[in-house]
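Protein chains in written order, with the working numbering: chain B, 1 to 372; chain E, 1001 to 1239.
The reader is advised that the hints may include incorrect statements.
[Unchecked claim] Some chain B residues near chain E, calculated using beta-carbon distances under 7 Å:
#1 Y325
#2 G343
#3 F344
These are calculated hints, taken from the structure and not from any lab test.
Every residue gets a Cβ at the ideal spot worked out from N, C-alpha and C, and that includes glycine.
Each chain, letter by letter, is given below.
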Amino acid sequence: MLKQLKNTAELSEEEKSLLARVGYQGEESRAGTCVLVDQSVRCASVGDPGVEIMPLREALIQYDWVQDLMFGLVDPGESDHIKQAAEDVHDPVGHFVRVKAGAKVRLPVQTFSLIETPQGRQFLHNITVIEEDAEVDLISGAAVPSGVHSGHHISIEECYLREGAVCRSVSIEEWGADMQVHSYARTDLARGAHSISNQILMTPLKHHFSQSRATLAEDAVCNDRTVIFAPAGSNRTMESETLLKGKGARSESLTRMVTAGGNVVNRALIVGEAPGTKGYLGCDGLKLTDEGEILSMPGVLAKTADAQLSHEASVGMISEEKMAYLMSTGMDEDAARDLIVQGFLNLKEQELPPTVRMALEKMIAAARSGSM
Amino acid sequence: MQGTLQLRDVSISAGTQPVLNAINLEVGEGELHLLLGPNGSGKSSLLAGIMGLPPFRVTCGEILFRGERIDGLPTDARARLGIGMAFQRPPSLEGVTVRRFREVLGASSSHMAEAEALDLNSFDDREVNVGFSGGEIKRWEVFKLFLQTPRFLLFDEPESGVDLEHIAGIGGAINRMAHSLDSEGARRSALIITHTGLILDYVDADAGHMMIDGRVVHSGKAGELFAHVQRRGYKLPVG
Ligand SMILES: Nc1ncnc2c1ncn2[C@@H]1O[C@H](COP(=O)(O)OP(=O)(O)OP(=O)(O)O)[C@@H](O)[C@H]1O
Ligand SMILES: [Mg+2]
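The whole structure should be built from the sequences, with the hints applied where relevant.
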């Protein structure tokens, strides 16, 4: 039972194969699909009664409570981009995803954005609500066709996990080499909610600024894993804040950064605000070349006596010993390096769609040979 | 008959530090040789020099493998010619699973019986050498050679720290590997470092070499030399 939303169209085969690299699969194998192309919602479909997907504009009309969610987690004063979005006279463009209370959604829900116009400017505002005790897998991604090199993508994501909700998400992005991306993500975890998220930022782009903040109520749990790859010419700045507000809230965040000549700045902060909270930040960097920088700044702030917070950070080159060990089995230098980098990025097979995994392996190999 | 591996007057340095001096050694096709010597005498350095592992390099003399000079070749080229090594202390490879490692080596799954014999059949999802116990590392290093099937096998203390039951597994595996023919139908050869000699219960070694202070000071029959070391320690046999 696949319900196509009105006023939406099919994706072309080209678009489908482009999106497959960032996790897209045929709509029959997904509980829901939403694809935004440039500045409009191209297609939206739902195949599970526990899931609702629609353009944000329609959701605002259909449900009066959606307006309270919009800018509920983000303050327009926080950045010029957000302010611009809040004051925009046009309708907001973005998706609204709702997983109904108690629904255990079997297939993943997938959402994507595409920029197809060169020098396009995409401004998105997405809202996701996982209601009480619902459980869902989300796959989201962004892509551009190979002909689009420049453009600007700005996104605001507000995600609400209600009491006891469980959300496992994978997000993958592929941009053009001269693009700029600004993303602002906010997640609110109610009591006992659990978020497990994997973020993969691997392709070259000129400038990426990402700011995220998660707020955890009592006994909420947040597990994040981010892998960042910066080939020459790429600049990525990641800022994240995890606020452990409720008693017993826990978070673990692991970031792996590899530079092949690009620059990565990673500022991460965990704040323990309530008793019995636990937080861990692991930030490891690997430098493949002399060029490129990794600046890693994990921070922990305890506002109560019994918050257990810790962090580890490291930046280094590939160990000569490991290379020699692999090469002593007959692997050539490139194969050995790829294996070490893949291992470092820890791209666990079981957590990534196979198409995505293959695309990533190609990217690692291409970055090494300088062909990106 | 020309030896499979020949070292002629080989000196080896670790970086700029000389560790081995004027080594002459020859291992023929199908032969198993032991390398004996006290801690720090240079046994591992010799294997590293043959394999071409940094920071070890040959500063003098030449190493020939099947008649071809290899001391100037990179490690992977030596491995592809047919030399493989079970390390004494291998590095751990975070994030690289045993399965992935096998795939990249292009090893067939016909070695599953050997994994079983080495008690490693549940290791496919483990990361290579990460959190392996001492004995597991040794068993993995031997299994690794089954994935590579080299013609010339270098074993650096394959049985150290291994419990008695698993020594039988390792000894049996080394014996099977040593007695199998390679893809060209040639017999394999091996150079085995051992302190305990326990491996001798499972493999028939032909020759033994005693190394002291960076030099091979004596070569003879494997069994006799090991018996001598057991009785007298690392002293030169007289006569
Ligand atoms: N990278 C290095 N730099 C400097 N000296 C080294 C290096 N590696 C080894 N050596 C030295 O070379 C000598 C021989 O070491 P080697 O590891 O070959 O001994 P070994 O015979 O294998 O000893 P063991 O029985 O303890 O394993 C030692 O004195 C050691 O300290
Ligand atoms: Mg040694």
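Structure-based check of all given hints:
Taking 7 Å as the C-beta contact cut-off toward chain E, the hint placing B/Y325 at the interface holds, the least distance being around 5 Å. Hint status for B/G343 relative to chain E: holds, with the closest Cβ pair at about 3 Å, below 7 Å. Annotation: interface hint on B/F344 holds; nearest CB of chain E at approximately 6 Å, less than 7 Å.
Consistency with the previously given hints is maintained throughout, with no hint failing.
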